[in-house]
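Novice: Knowing the structure of chain A, use the given hints to seat chains B, C, D, E and F on it.
Residue numbers (the working numbering), protein chains in the order written: chain A, 1 to 316; chain B, 1 to 316; chain C, 1 to 316; chain D, 1 to 316; chain E, 1 to 316; chain F, 1 to 316.
Hints listed in this document are in silico derivations from the structure and should not be mistaken for laboratory results.
Keep in mind the model is a prediction, meaning the values are calculated, not measured.
Some hints could be false.
Treat identical chains as interchangeable: a pair holds within one or across any two.
[As the list claims (entries may be wrong)] In the DSBU-like style, the derived pairs of lysine-lysine whose C-alpha atoms are separated by at most 35 Å in a straight line are:
no.: 1; residue 1: Lys35; residue 2: Lys145
no.: 2; residue 1: Lys52; residue 2: Lys148
no.: 3; residue 1: Lys280; residue 2: Lys123
no.: 4; residue 1: Lys194; residue 2: Lys100
no.: 5; residue 1: Lys100; residue 2: Lys112
no.: 6; residue 1: Lys52; residue 2: Lys123
6 protein chains.
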Amino acid sequence: MNDVKLGIDKIVDVAERIRRLEVQGATNIALTAVKALNEYVQESVFKDRASKLSEVSEARSVLSTSRETEPYMRNAIKYFEWKLRNANWETREGLREVSKKILDELILNFEKSHTAIISFGSKRILDGDCILTHCHSSTVNDMLKLAKRNGSSFSVIVTETRPLYQGRITARELIEAGIETTLIVDSAARSFIKSVDLVIVGADAITSEGNVINKIGTSMIALIAHEARIPFYTISSLLKFDPQTVYGEFESIEERNSFEVWADPPEGLCIANPAFDITKRDYIHGIICEEGVISPHSILEAVYRRYPWVFTTVDN
Amino acid sequence: MNDVKLGIDKIVDVAERIRRLEVQGATNIALTAVKALNEYVQESVFKDRASKLSEVSEARSVLSTSRETEPYMRNAIKYFEWKLRNANWETREGLREVSKKILDELILNFEKSHTAIISFGSKRILDGDCILTHCHSSTVNDMLKLAKRNGSSFSVIVTETRPLYQGRITARELIEAGIETTLIVDSAARSFIKSVDLVIVGADAITSEGNVINKIGTSMIALIAHEARIPFYTISSLLKFDPQTVYGEFESIEERNSFEVWADPPEGLCIANPAFDITKRDYIHGIICEEGVISPHSILEAVYRRYPWVFTTVDN
Amino acid sequence: MNDVKLGIDKIVDVAERIRRLEVQGATNIALTAVKALNEYVQESVFKDRASKLSEVSEARSVLSTSRETEPYMRNAIKYFEWKLRNANWETREGLREVSKKILDELILNFEKSHTAIISFGSKRILDGDCILTHCHSSTVNDMLKLAKRNGSSFSVIVTETRPLYQGRITARELIEAGIETTLIVDSAARSFIKSVDLVIVGADAITSEGNVINKIGTSMIALIAHEARIPFYTISSLLKFDPQTVYGEFESIEERNSFEVWADPPEGLCIANPAFDITKRDYIHGIICEEGVISPHSILEAVYRRYPWVFTTVDN
Amino acid sequence: MNDVKLGIDKIVDVAERIRRLEVQGATNIALTAVKALNEYVQESVFKDRASKLSEVSEARSVLSTSRETEPYMRNAIKYFEWKLRNANWETREGLREVSKKILDELILNFEKSHTAIISFGSKRILDGDCILTHCHSSTVNDMLKLAKRNGSSFSVIVTETRPLYQGRITARELIEAGIETTLIVDSAARSFIKSVDLVIVGADAITSEGNVINKIGTSMIALIAHEARIPFYTISSLLKFDPQTVYGEFESIEERNSFEVWADPPEGLCIANPAFDITKRDYIHGIICEEGVISPHSILEAVYRRYPWVFTTVDN
Amino acid sequence: MNDVKLGIDKIVDVAERIRRLEVQGATNIALTAVKALNEYVQESVFKDRASKLSEVSEARSVLSTSRETEPYMRNAIKYFEWKLRNANWETREGLREVSKKILDELILNFEKSHTAIISFGSKRILDGDCILTHCHSSTVNDMLKLAKRNGSSFSVIVTETRPLYQGRITARELIEAGIETTLIVDSAARSFIKSVDLVIVGADAITSEGNVINKIGTSMIALIAHEARIPFYTISSLLKFDPQTVYGEFESIEERNSFEVWADPPEGLCIANPAFDITKRDYIHGIICEEGVISPHSILEAVYRRYPWVFTTVDN
Amino acid sequence: MNDVKLGIDKIVDVAERIRRLEVQGATNIALTAVKALNEYVQESVFKDRASKLSEVSEARSVLSTSRETEPYMRNAIKYFEWKLRNANWETREGLREVSKKILDELILNFEKSHTAIISFGSKRILDGDCILTHCHSSTVNDMLKLAKRNGSSFSVIVTETRPLYQGRITARELIEAGIETTLIVDSAARSFIKSVDLVIVGADAITSEGNVINKIGTSMIALIAHEARIPFYTISSLLKFDPQTVYGEFESIEERNSFEVWADPPEGLCIANPAFDITKRDYIHGIICEEGVISPHSILEAVYRRYPWVFTTVDN
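Just chain A, same shape as in the assembly (with noise of 0.2 Å):
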């Protein structure tokens, strides 16, 4: 009992660091946040299948409810659980097996996936022509390089992405990789559309109706894409969508502290400064994810064939 009590003291250290910003990456929380469930399920004093499998749920419950936009984290750790819970265990070591079996088993699936994604949207970059990315994103930015490592000749174009300037990070790495590139401020993008052939970014969730919320910025480059009729694409695991918008919640939208914005404002002045936006379906040419290059209108329908576990329904 003491041990289950430590276990789960560790599961709410885990939760307390994605909360603060500690880790980063959707693909590196959702691994953290699995790593800590098998790690608890390792380690945890053993008394019963039906005992345990109510502890693990308690444990998802408290990882689920640590950070707002990560329907990566948690459709990871709904998978480890749902796995746990139809695998064929009654002991302690057939459960430590299993258990690291479903953990190994995800982090080769998330490689495969990683991989078949990038390139996939390799494919997608001609010689000559010229990306506009937004933020930061560690897919779209692998994607770029394999492309250049298997010899397409590009350029880039990335916005600086205020409040906290991600675009930074991507110029750099792709100056790093020997790729051209250009930065701009946020608000140039319209200026500079007319020489891009395609606009590629991330996702960090995607709704039942194909919209993607990503990096506030992103639906309105996607609208002025839209405009001058540039493919826009959004490149991103199938994970990313939220099982919770087809009951009809609302993806919600992180609202940061507003001195990211201006450190010493007025008095009396409101500072808005909301992390996300929703990038409407109409907007996006096709989603680029370990299925292949698809129509945002279909998502659904690709989860539920590839994923179908995603609709089970475990409490919170």
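Specialist: Here is chains B, C, D, E and F on its own, set in the frame of chain A:
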């Protein structure tokens, strides 16, 4: 002869100060230039009418080329020269008197226009409205303050306006005037547009086709407003009209120093920093000017009607 | 002095009749108001030119404020006063003669304009066309009847126009004129638009930006026509132009009694009943007026050219 | 044999009552038809399985053709027959038991679906929202009442819905449920759309392309919402899907009696009175159904996944 | 009297040659017609001013009706007659002198306009631009050649322009002028539009609403450019304006012989071969004319300002 | 071994005939290729299952690369190989039998699909309709002829389809079938769209995003139909779906010989002659295929459901 030299040196000095941005604000720049011309006329040695007109033409030309996107100044000094040419004077005293009168008249007209413009604009601000503006325009701010003084109760959203954060200046002024104000990053404009009733911005130049040149980001906000069917107005004197655009010239867009965007970028990174962009007439509901609220599509005819001298061809 | 009182009482009476909708139709209202002014001038005691002009100004002001959306009347009585001010008279007889002459001229001009407008419009009706109209406009109906008399073979679809069913009046008139007519509910307009060749409606007011105020539902039909790329025309005298809109005022939209919509609604239900809506210039192919078929974007310049006195500022 | 005759007479009676609109509301009609089928099965003489199935098929066919735009009923009775055909029974008792079970299951599923649908929809109603609806849909109303019971504070605008004023029924119900409600004429929808946050309507039928057939005026409101970028949702069971549209058939649009529009029109006037119109999928943000909130573009796949029997071809 | 007959016979001959397309090119046709009028005036017997004006009117009328879509010619001969009517002459010698002077002036004005137009247009061609044009317009070609002579380095895409392949004439001329040129089939325009910076075409007629009549296919290319946000300009003299369109007339579209499309079609096949189509003002960024670069929405006012005599009503 | 060589030579021959366009029409090409594979299997020496499968794979690969835009053929031969791999055979006789059976089944399925497709499509042709089509598609023509045989009375507009005038073939076939037909030049499509009720074209390939590759000019006509809100359908087997597009590949667009456009162009002129263009899913109302009328947005899911083997990865 010496005196004239002295005079033209002062003109060159003033042109230089304008070039180095030591004088700011379209009205301020225009007045500085016309006052310099008047002083030049007042002080210089008088030979005869013909040589005097030739000197003024030269001085005007020096001022004209001091800065790219300043049609307001160019129209003002063109007006000064045109009035001088068409006035009756043959002696030094006659000239001095005439020159002084033109200057006084021009200042008076500027004031009258400004009063009319902010009055027309202020009537468009209704109780409960939310106004979005971009960058810093003294005409926009004066109009909002007038509406406030006239008893309207409204709020304002202002974009920070990267790279130079002029939106902060706007925000500070409005807060001091007791107007409820919210500041956002430029790329958040689309997230807030649903709650906006009216977008109003200033103008740096207006073309013969009815398009408006203004601070980078303006055309993006116009597009966002257009998508959401929110009225978008430009508030500006008709003298921001650039007659060169009638004759096929493009309005040139100033490219500013990259350190405004990022002071210490990684080596090899290109930073593009255009100061303005072009908003197409189809996205502009009206231009609020000294003639009232007019359609941008008929700007050329309105200028022809009110300021026909703008189209007199004075070489550069 | 007594006489004048009597006169102004009659003016107040006429204004009251206009307010209570006892006089209907824009032309009828305008003529009633101008005739009242003329009668007032004919009958009243004469002191001197200055005091007479002051009396006329007062009388005009009383009539002006009788009803919100009647620019046609306001322009007519402004014209009357403006002509009187600019005419040469010093005696009672001179005044009477001048006043009578202005009235006759104005009536003649109204007739000439009407004849020209319906002639220009009728040429747009081709054999086999299907015309959609909304509400009841005597100009639209006169134009359709002229086209019929000129031998055109066409059909008309008319919306019933809730809440007051003015479409039924239109339908009855057209049927009596032998024109093939179909009546539909307002919300069925989109279902029939594919078979329509031309939409033509009247106007209650035109703004300086080129927008048209007309019966509630007009802007919706304009949108439907725009979506289906069916030409949409407004047929109206240029004098429906409201000069106040130039100076920043909005055209106010009359809110009418809720029982027009539902006589015995359940308690607590709010019923909103705006009489007009605004159709944006971008949805209007042309305004068919006494100047011919013109673009709504240049309405301000057309009025300046034909009726410059509209812009003389006579205080309300 | 006599019994069967009696049975089929009852079926014909029920079909007739449905045809004469004595039974109203899609769910009600569907249940009436399925119950009639069950009763027919329970009561009739039993020869053998084959002839019984043939009789049921005939009875279903009679009900199927009772009304044009009722896919919900047609899907329900198709389900009944399909289940019967695939169930294991050879005797009268076996049949009776099976039939009763199918009926109970179907009723239960209807209830479950309804509960899920209004729950999903109610989560889309946020505090302070203004919802626009058209006509009368019990699903829309039940959903709004649930949102109200769950503590949401919102207001509703409802169009009166000519010619039969079903909007008044909606208004009355909502007022009774304590929801702040405003009624407007249909053609005023565009004037109020700026203050609307969400449009939600029901559906009479859904096509394989993802288009929605609903009360006349719906497509116009969808267009208005689209123009103003206001989300437009349809709330409906997936069983409103009409499988005939997959096979190339158009959904037929009922033309109703002209006196609904005008009881005493002038002779010679044509009155057109279509009951429904078609809203294109591009104007629909989502269909809120028992599967959750889904894109209309993937409706066909969602039906295939949930109700594959819909695509079994039972003649007529 | 005999002389006059002879004269009118020559006029009829010229009209006939124009009708049979023996004279081609709008400027050429206009000059031929005006020269014929002058010759007619020079040669004919002189009785008195009144009868002479009547003869000229008749001659003009004969020429006017020689071809449907030739407003340029009709405006030119209207100008000739209008100048003659307003000039001071009473004798044969006076008339001859005046007539010659009008002709010379008109030719000079044509040349000046042409020079101005191609100069304004050429400034819009920037280094590196790709220009798309359709059909063959000598103004477009002269403008492109001027830009080339002025040192611009650009390329041109030209559509072949079925059925008469005028695009081949354009291509040959441009290649001979040393301009890099690509020819495509008409229906490939959309495939190449992304690489185009500017579309420029000529005009056969301009309407009072600001629409442009030009070679079949023009409106399609304008639509393609509009979709891709590529600027679309018409380059043409303002005298292509057709004043009849002000008075409600439609610009008629010539239907040409079917063998131009297919010389030996199967029996029973209908071949439609309209020569022109109409491009709406909303798809036209500007009209490059002798007044400069202007918005098509204000064309009527620009013509009123520069060529007020166009609106004098001379019968037919 | 020799036999095999002979066999592969025949395969190479067939591939060559396909490359040189000696075999035409997607179905014809697919059948030719599959029959060649079957013959190859029937005739060749049999060693063992493994080496046989390897030989078939090689033969399929030779055929696969014979022509760029032929997914129909590639899918057919992929199916053949996939069935062979999954069938039970170990001996030569077993193989021969299985191969023959697969071929027969495939031919039967092709026929069934074709019958279903033209039946679904024909139901969309209503009495009085005007259909626009582009190029020559045997599926479109068979569907129109079926509609005609079923008693529909409609007319067709067909574009000539430069450069190879396939529209003339279509026109001739339709005239022979007794269908009222009008031929126009490609660029006249926009002038006739108002009178069109439905556009229907074939397809050369369909991408995973739902876009359609078809004869050059198709996307332009789709845009024209979209602008005028005229329904645009593609009629095609689902097997035109190209699975490579799922994995990020672009559908390549064949560039054909320039003499097809102009046999004797001036030296130095570039002639571009792309055979196909891409029509975006947003302009396509539906794809009429063997699954019925479906939304292009869900094409990927429909193929997954009906032809899952399409996604089995057989190298090249």
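Novice: The structure should be examined with respect to each hint, and the outcome stated for every one.
Specialist: Evaluated hints:
For a Cα distance limit of 35 Å, the shortest separation of Lys35 from Lys145 inside one copy, 29 Å, qualifies, whereas the shortest one across copies, 44 Å, does not. For the identical chains of this complex, Lys52 and Lys148 are neighbours neither inside a copy (48 Å) nor across copies (40 Å), given an alpha-carbon limit of 35 Å. When the C-alpha separation of Lys280 and Lys123 is checked against a cutoff of 35 Å, the pair qualifies both within a copy, at 25 Å, and between copies, at 19 Å. For the homomeric pair Lys194 and Lys100, neither the shortest alpha-carbon distance inside one copy (51 Å) nor that between copies (49 Å) is at most 35 Å.
Taking identical chains as interchangeable, the C-alpha atoms of Lys100 and Lys112 lie at most 35 Å apart only when both belong to the same chain, with a minimum of 18 Å there against 39 Å between chains. Taking the shortest alpha-carbon separations for Lys52 and Lys123, only the inter-copy value of 33 Å comes in at or below 35 Å, while the best intra-copy value is 46 Å.
Of the numbered hints listed earlier, those contradicted by the structure are 2, 4.
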